Each structure stands twice: as structure tokens, then as C-alpha cells.
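A.B. asks: Protein chains in written order, with full-length UniProt numbering: chain B, 1 to 483; chain D, 1 to 417; chain G, 1 to 341.
Since the hints were made in silico from the structure, they are not lab data. Quantities reported herein were computed from a predicted structural model and do not represent experimental measurements. Each hint should be verified, as a subset may be incorrect.
[Said to hold, decoys possible] With a straight-line Cα cutoff of 25 Å, these simulated DMTMM-like cross-link-like pairs (lysine to aspartate or glutamate) come out:
#: 1; chain 1: D; residue 1: Lys56; chain 2: G; residue 2: Asp112
#: 2; chain 1: D; residue 1: Lys56; chain 2: G; residue 2: Asp235
#: 3; chain 1: B; residue 1: Lys391; chain 2: D; residue 2: Glu235
#: 4; chain 1: G; residue 1: Lys224; chain 2: G; residue 2: Glu143
[Said to hold, decoys possible] Partial chain G-side listing against chain B, Cβ under 10 Å, derived:
#: 5; residue: Ala92
#: 6; residue: Glu315
#: 7; residue: Pro318
#: 8; residue: Phe340
Heads up, the beta-carbon is just placed ideally off N, CA and C, and yes, glycines get one too.
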Amino acid sequence: MSDTHAQTVSFVRDSMLPPEPPPAAQAGAIRWLRENLFSGPLNILLTLVGFGVLWLVASTIWPWLSHSVWNAGSMAECRKIIAATWGPDASGACLALIKNRWNQFVFGFYPSALYWRPVLAFGMLFLALAPVLFSESRSASRRVMALAVVLTFVIAQILGAPGMALVLMALAMLAWVALIELRPGWALLASCLYPFVAVWLLWGGSLWSPAMALAGFVIGYLVWRALSRLGMLAFALAVLAAAVWWLLLSGWVAQALAAALPLRLQPVSSDQFGGFVLSITIGVSGIAMSLPLGVILALARRSDLPVVKMFAVMFIEFIRGVPLITLLFVASLLLNYFLPPGTNFDIILRVIIMVTLFASAYMAEVIRGGLAALPKGQYEAADALGLDYWKAQRLIILPQALKISIPGIVSTFIGMFKDTTLVVFVGLFDPLKAMADTIRASFEWKGAYWEPYIFVGSIFFILCFGMSRYSMYLERRLKRDHR
Amino acid sequence: MVDYPGVVKPPFRLSMLVYDRRYRSLTIQAVVFILVMLVAGWLVDNTLRNLAIMGKTFSFDFLFRRAGYDIPQQLIPYNSDDTHLRALVVGLLNTLQVSILGCISATVLGVVVGVLRLSSNWLIARLMTVYVEVFRNIPLLLWILVILAIFTEIMPPPNAYRGDNPQAGMLFFDLIAPTNRYTAIPTLGMTNPPGTIALGREGISWAFVAYAVAIIAALTIRYFVLRRAKRLQDETGRRPTTWWINLAILLVPLALLTWHFGLHLIAPVMRGFNFVGGINLSNSFVVLWLALTLYTGAFIAEIVRAGILSVSRGQSEAAAALGLRPGRTMSLVILPQALRVIIPPLISQYLNLTKNSSLAIAVGFMDLRGTLGGTTLNQTGREMECMVLLMGIYLLLSLLISGGMNIFNSRVKLKER
Amino acid sequence: MKKFAFFGTVAAMALAATGALAAEGDTLKEVKARGVLNCGVNTGLIGFAAPDANGNWSGFDIAYCKAVAAAVLGDPTKIKFVPTTGQTRFTALSSGEVDILARNSTWTFQRDTDLKLDFVGVNYYDGQGFMVRKDLGVSSAKELDGATVCIQTGTTTELNLADYFKANGMTYQPVNIDSNAEGEQQYMAKACDAYTTDASGLAATRASFADPENHIILPEIISKEPLGPAVRHGDNNWGDIARWTLFALIAAEEYGVTSANIDELAKSSTNPEVQRLLGTTDDLGKMIGLDAEWAKRAIKAGGNYGEIFAATIGEQTPIGLARGLNAQWTQGGLMYAMPFR
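Chain B with its partners taken away, still in its complex shape (with noise of 0.2 Å):
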């Protein structure tokens, strides 16, 4: 072929030609709009509603919420500065209910000399929570308990925290993070004592109370420890020894000790706990006790003891079948009916028992899936090396497939935070309608609607939406592992 047009051929190049930029139609913005947005009719017609519907939302809120007063100590005192700023047909946000009245939303009737002390509990929630939820990396670990620290004390001090609370507060906060970081071990058993800890600083009282009600949990382990070869009889035994000493004995211990030393907070009753206070402390209580009862649940539901797994299944597709809002309201009217005669439980308390339960069934779910998803060779494994029942799950199957659980246990938080909003219809101050009611109902604020909610609602998503990305963040790192 060469041969041929060798002779033919007049000019050859000899150097590549500098690389043209793309047509102007195919760079840059252009491009990009051409490709994501105008790519073909559909498309076209889809960007235009997708515009017109964000013009429709922005100019509906915009001019309202630029409209905004922060500065006002009533609506109508509001509406007037709106009136005389904006001309008279102007309608505006008016913040001020928020900058005014944003503690009864945050903290509801909590006495305000001591509002640290819920701080300090969320706070060290993160430091309690740190070995379990971020224990995937280091650094994220690292990060968090810093922000908690920080965050806890700073906030506590704007508060108007007393000097001698706060530096408590700092020393015992980094004591513990000092715990988690070298004694990685210790820090489980730091995380264990949280709910008692955060207990004595919500409601305030003596320490005793929480500290005898755990120590029926320590004496209980010390008596199973102690007769451990008598299996199951020794786990019974040691139910009973505890049961003995918080019916009988701690109620007078607690006495003589907070004689002796009397290490008290000033008592908060329950009927001053409202707002975002109540729903994390139902919420997160709720929780912690459901994940004991979800375990038991779901190990039973797996049980090949038929009478054991149809109580379990029983129980969970009970509480799975109604409404929430029907076992909040077994709480308020029935629960007294359940328990004998003169009983009578805090109708928090009475919610949070329900909540518990509620939660334990979603829970025992979230974990029978966990257990599910273990691959089959781990069980076997465990019957291979000889271990019993209890050995193999506390020892082999429970702390992986509780593991793979988190996501769905934080989905399940998150669902069941949300609905601590529900607890208004038993008569408690919950953040978003019972709050805004009240405040509503205070002749300064009438007619205020939309304020109360969007500030209300702006922390619900920013924790809920914290919350959700955290566990596709760590779902991603678990596939990664299992991969």
C-alpha cells in the first residue's frame, strides 16, 4: 500500500495538532446544565416544575421570614414594629417568641439555676456512648469526646453553671475521656454506670438512691459469681438476693448513708421536666432499657423451645400490632390497674415503662435480623469449640451481631424520639404541641403558629438528621468490614 502512494502523497504531518477545546456547548456550565438538567424533553419539563416549585416555596417563605423581629416582648408588639419597618401589609416571623421562651422549649419547667445538669447528662451520654458507637475509628472517637467536653462546658458555662459545678464538671468529664483513652477496658464498665449517673443528675436528691439501686445489681453479680457452678439455680439466686435488697434493705440503707454522708443535688420532680429534656430523657431511656429486653426477645424468638418462642412471638407482634399512642395511654389510665393496689408510679415513669416495651419489640427485631445476618459457620464454630448456649452468645454470636445491629438500632432511636412528641396526649410537656400550647396560651404570644414549630422542628431534623447519617456512615464501615 505504501508503495503505492508513496509517490502520491504531498503532505504528511509530522506533529499533533494542540488539542481544540470542547465546543462551547459541550464545557463547562453549559455542559453540565445540558446534561443535568436540559438533557431531553422529560427532562426539560421536569427541571422547569422543579424550578417553579422551589420559586413558589421561596417566595411564599422568604418574604416572611426576612420580615423577622427578634427584639419584641409580645406578638403584638411584633406585629406593630412589622407594621412600622415593613409597611402595613407586610407579615413577618416574629423570632422573639423563640429568643424569649427557647429555655421552655429546651429545658420546659426545669429550674433555670439548674439547667447545667441536664447538659452535663446529654454530654456524657457521647462519653458513655463513645466505646460502643465510635469505636470504629479512633480519631472519630477522638473528635467527638473532644466536641462533648468542650461543647458540654461551654455550654454549662453560658448556663450559668456555679463555679464549683463547673469545675466538677470539667474534672470528672476529663477523667473520663482520660478512662476511654487509656483504659479502653474500664470505659465499658464507665459507660454502665452512665444511667445511674445521669439519673442523679436529672432528678436530682440524694446519690444514695441511685447508687443502692445499683448496688442490688452488684450484689447480684458478686452472688452469681459466687455460686456460678450451680448454673441456672446460681443466675436465680441472684435475682432473688437482688430483688431482696431493693424491696428490703436499700431504702434504709440509703437513709443511714445520706445520714452519714449526705451527698445531695437539689431534688427536680418529674412534673418540671418538659421539652426537649423530656423527650431525650423518654427517649434515650427508653432505649437503653429496651436493648436488654430486645436481646432476650430476640434470642427467644430464635429459641427451638416452641413454648418459649411463642411468648416471644406473642409479645412482639403484640406490641407491634397497636399504635403507640394506645400504649401511652395504658400507661396514663391502666398501668395503676396492673400493679397492686396503692401503687403508684410518676406518669413519666409509667410512660417510659411503656415506651420500653414498645421499643424492646422494634428491637427485638433490629437484632433477630443481626443474628440472622451472622453468617451460619459462627454458630457452628461455637458448638464446635463446646461452648453451652450462653457462653456461645455472650461470648461469639451476640457481640457481632450486636454489632451489625447499631445501624438499626439508631434507626430505631430515631423513629422512637420522634415519637416522644406523642406523650402530649397523657398530659406531659412535650417540645412541639404541648409547649407551643402553653406558650400559645399566654395572652403575649396568641396567634403565634408557625414560629413554635419551625424552631421546634429545626432541632428535631438536626438530630434526627445527625443521627441517621452517623448510622449510614457506620453501615458503610460494617459492610467494608464483612467484606
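Since the structure of chain B is already known, use the hints to place chains D and G on it.
C.D. replies: Structure of chains D and G alone, referenced to chain B:
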């Protein structure tokens, strides 16, 4: 247990109940059974004692007494002279109504949003993500209250539609009028009504029966047509076009019936204080329905998206390689496989929606909880009986839904192989 | 497993806090042992019972609770207010969660008998009325045929409304609402033509509007709503305490005993009835298990009935209710304390 010859069965000793694995499971079950029964007995005993102390009884007699209160939304005739039992049924029907409509609309919305989230259109995909995240991460109660506030604060009152030059205009060719009390929608009317079958206080129009028969007949015929088409396809390899036959079988009788009865829409018109002629859907119903739809729709969108993403790309490529058109790829390859993943979580979303409909309390919609668990409970003071009944009915509903959907699920699953 | 600990703690603390177990039927002993009076109140009805920004409750019903606490425990602040909804109020009482229910509840036959409550008296004579906008052009409830009416669920008003429209051969469209705040919202937004509840509530609601002159309360009062505190059926002594505390407040007004002059009158009064009331002569308190000065403390807590009325819902307050039926019997009202003898 199998008895092997030559193996001597050890004599039974009491300690074997604890130490022998064969008997231990029996022991554990017996112990668990006894414990559960003891706890249950304890609870029942407490309840009986408490009731006795308060001098209350446990009986459902109150269901047959006069209710005395009115219910704004009712699917069957009801007035304040009826019994609590009838109020219960009215409430149950309201619950069912909002749940069923909610499930349907949430599914439609969820599927659309789920597909659009995967769209190549940047703006739409982002918008849908925002919608899903915002609705998923804020409590349903807030959405209900916000939508209620939108309806009461922003929608015009009915008399804004009055006069020659009304301040507010009706939507959709003057058929729908949203107001701050109710949404007026058109109703169906007949020029030649065929009469009704009387069933107690309700009546079922013969026209309804005629339509139902026509639809069932069309579906039956369609089944045979499709069977024949499949047989022909198997024999000859060529599938006859059937869609126009099927469509005709369905539409022609319906059109004839419509013409015969003179079926037409009656638009609501403003007369006096309110709209008349159409159906006035109370806002509490519309708000609850909308809120449930938007909230559950966001969850379903996520499920649908995950379902579609779960079908590997190779499947659609393989379908394309086989020469399937995109539509058939979707219906024959992607969808059956995605459904497998979609349906189980979808069932639990339907259950959630049904249970969440009890939030009707926030808008005063008289659902089952509003009648039986609300006013009836309050007026009669029979909290034990009412709550037992209420939870029982919800439980039954849940079991029915999950049962029904599980049957559907197992039918979809068969295609898996 | 150890998180289970939490449950134990909370349970133990609650048991410790409420001193839960006590013999049923002796509320007085229970309250004294607990040191706190549990009082069931409205979740928020301004003038009657509402928390302020700091969670301090105030109002007409609250003042009565404080008087009882002062009489029984000697300290009007030793109260735990339990907010109850229309749904949960009676159960809260009958299950023992609250010792006394002062939640503007109507005294009816069924509640007094079938619901096993005991109403101890009437602290406010009310009646159900309607509020409409002036521009609706309605001047009588009889003209409300076909109207949309906002109504709170779970109240006697719901039944009265049904009966009233039925008796007058009229129809109406109810809009069920859950709380007073929501009712106001719906009414303000014109989602209903008329708002019906107790006339006192209507007045309170109207007073809080920016334009009260544009709303009228129709003259028809369609029901009797005697509102009063209630206690559990069966504990007669506790019922007596609740009843006579209420009478003490009413009687104090009748005899001119106020929180200002009470100490002086206790020493100097020559009226034998006042002397008996304030425990200077006879020891009436002993007969109901209290000390001699119980009524004195109750009156001192927030003043006599008239003072409480004036301070919480009277004409000088934003609620602006006239005494009307609730004036002393000597002034043509129905407030009539039984003799302290």
C-alpha cells in the same frame, strides 16, 4: 429420640431434668411457662382487686347504650341517638378509610419520588432528596399540625367563594374548592337512578352493583383472553395483540352503563354559608390523609430506591442484550426482582401508616381512637373495656394487613427460583 | 445486660420519691406521709390553671388546691400539679395518681355515681355558651342552624351541643378539637362559625383576642355546668376535708375574713361563726383529722373565695368575669357555705 438396639437407656433420674440436654429444654419451657403464667395471673389478680376496690365492673354493656355525641365524619348513617357500638363502627370505618386511602396515595407518591431520586436530572434528584430527608427526620405530629395550620390559616373561608366577584377561585374546572373548614369535591349523580337495595339503614345502589359486575366480568374475560394468547404464543410463537380487546371489554360496558344511568359529576356550588351539592371532606380528614401520605411517602421512596438499586446493572444489560424493549425490561426483569426487596419493608410501612392514623387525635378526626378510645371512653368511664377493645381491633387490623401482604409477598417470591 | 440497671434505678427512685405503697382509702394519711398534695389540673386554661414561663402554676383552680395543701400540710407550696387532659382526668383521680381533681369538671349524675367520683361542691357555676363573630349577623343561638361549631372532645359540652341542636330541630357541623388553644386557633382562622364551651372559658378566650369587640357571646346558655373539685368515691374523710376547705373559703368571704385581716380577726372577732371557722373557740379541725387552724391557713394561702376570684378571673383581670351566679347568696348569687358548727 431414636432407640438404638443394644444401647441401654439410662434410668430416668430427677437430676436429668437439669443436666441432661434432652430433658433440660423441657424443664426450661415448663419453668418459663409457669413464670409467664404467674406474672399474667398476678397482673389479672391485681386488676380484679383494683376494680373491686373502685367498685367498678368489667362488662361491655355500655356498648349498647345511647352514645349521645355526634361524629362529624361518617361513612354510615349515625346520629347521637345511636349506640356506642355503632359509634365504634363509624370510627373503625373512618380509620380504615384514611388508612386505605393513605396507603394508596403514599405508595404512588413513594414510587414516583423513589424513581425521581434516581433521575439523571440533577435538580429533581436533589429536590426529592430534600423532600425525603426533611419528612423522614421530623415527627409526624409536627407535619400534621403544620398542615392543619396551613389549612386553617391560609385556605380561604367558604364565604370567600361567594358573590359575583369572589376572592377565591375553585380549582380544576370549578370542581374542587379547598376552604379552611372542608374541601368541597364533586360527587356522582345519576339522571336515571335504578333504585337501591335496602340493607338496614344503608342502601346500595343497583348502579354500584352493575358496575361491580361489569368490572368483574371484564377481568374474568381478560383472564381467558390472556390464557388463549399465551396458548397461541406457545403454539405458534406469535403473540396476538390483546390490549385493545381487553380495553374494549372493560370500557364498552362501563361506557354503556354510564350512558344508561346518566352518570355525571355534580360540582359543589356555594349556597348560603356553605358549599352544597358535592361532598365536603372535612379538613381534619384531608389534613390527616395528606400528612400520612407525605410522611409515609418519604419512607416508601427510600424503600423503592433501595429496591431498584438492589437489582444489579447486569440484569438490565442482559435484558437489553436479549432485545427486550425498555418497558418490558422494567416489567419483566427489573420490577419482579426489585419487588422482592421492596415488599417486606413496604408491609411494615403500611402497618405504620395504619397505626399512625391514630394521630387523628391531633386534628380531631373521629377515627377508632377518637370514638371508642376517646369520647366513648370519656363519657362512660370504661377505660379498661375500651382500651382492651381498642388494642384488640388495632391488633386484628395489623395482623390482617401483614397477613394479606405476606400472601402477596410469597406470590411475588415464587418468581425468584 | 447491665443497662437494665437503669430500670431498677428509676423504679427504686420512684418508689422512694412517691412513698408509693399506702393503704387505700386513707388519702389524708397518705398525703401527710408524702408531704405533698397531688392535684390534678388542666393542662393550660388561662385564668383557671396555667403554668407561666417558669412553670409556676396559677389560676382559680390552682388557688383551691393551694388552700387544701395549706389546710392539710400547712404549706400551700407543697403541691405537685399533675396536668391532666380531658381524657385522662378521671382515671388519674380514680387510679390514685392525684388526690384531688380541680380541673373545671362538671358535676353530673353519671360522674358522681358510675365513674366513682365524689364532687365535693361547686366552686364555679358555669353554663355552656356560644361565641360568634359579630359580622356573622347572628344574635341568638337559635339562628345557628347549619353552622360549623368548634367543640372540645371528651367534655360534657359535646353531649349538650348534640342535645341542644336536636331539641331545636337544627343541624350543625362539628369541628372536633383537642385543646382550648387549638379551638382558639380554628375559631380565629374562621374555620368554624361558632365556638362553644363553658361561658367562662369563652369570656377568657374573647378577652385574649386582639379585637374582642368583634366577637359576641350569644345570650343562650344551653346547659348547667356546675364546676367543682372532685375526690375519689369511698374516702369520706378526705372528701370532707376537700368540701369544708371549699366552704371555708366561701364562708370567709361571707363573714368578711380576708387574707389581710385574718390574723387580727382570729384574735379579736366576736362573731361566733368566725371564731369557730378560725379555730379560736371550737376545735372543728379535729373532727376531720386536722388541727384547729386548718381553715385559717387555707384562707391565708390565697385569700377567701372573693379574693381568689378577683385575683384570677375577676373583672380586674384580663379574663374579666363578673361574679354573676358566683356571688355570695347574700348578694343574689349561689355561693352558700354550710354553717360551721
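A.B. asks: With 10 Å as the cut and Cβ atoms as the points, is proline 318 of chain G at the interface with chain B?
C.D. replies: holds (6 Å)
A.B. asks: A closest beta-carbon separation below 10 Å is what the hint needs, so does phenylalanine 340 of chain G meet it against chain B?
C.D. replies: violated (33 Å)
A.B. asks: Regarding the pair lysine 224 of chain G and glutamate 143 of chain G, is the alpha-carbon distance no greater than 25 Å?
C.D. replies: Judged against 25 Å, a Cα distance of about 21 Å means the pair holds.
A.B. asks: Answer holds if the nearest beta-carbon of chain B is closer than 10 Å to that of alanine 92 of chain G; otherwise answer violated.
C.D. replies: holds (8 Å)
A.B. asks: When you check the alpha-carbon spacing of lysine 391 of chain B and glutamate 235 of chain D, does it fall within 25 Å?
C.D. replies: Given that 25 Å is the threshold and the Cα spacing comes to 63 Å, the pair is violated.
A.B. asks: Please verify whether lysine 56 of chain D and aspartate 112 of chain G have alpha carbons no more than 25 Å apart.
C.D. replies: Measuring from Cα to Cα gives roughly 13 Å; hence the hint holds.
A.B. asks: Run the distance test for lysine 56 of chain D versus aspartate 235 of chain G: straight-line Cα separation, threshold 25 Å.
C.D. replies: Holds. Lysine 56 of chain D to aspartate 235 of chain G sits at ~16 Å (cutoff 25 Å).
A.B. asks: Answer holds if the nearest beta-carbon of chain B is closer than 10 Å to that of glutamate 315 of chain G; otherwise answer violated.
C.D. replies: Status violated, d = 16 Å.
The earlier numbered hints that this structure contradicts are 3, 6, 8.
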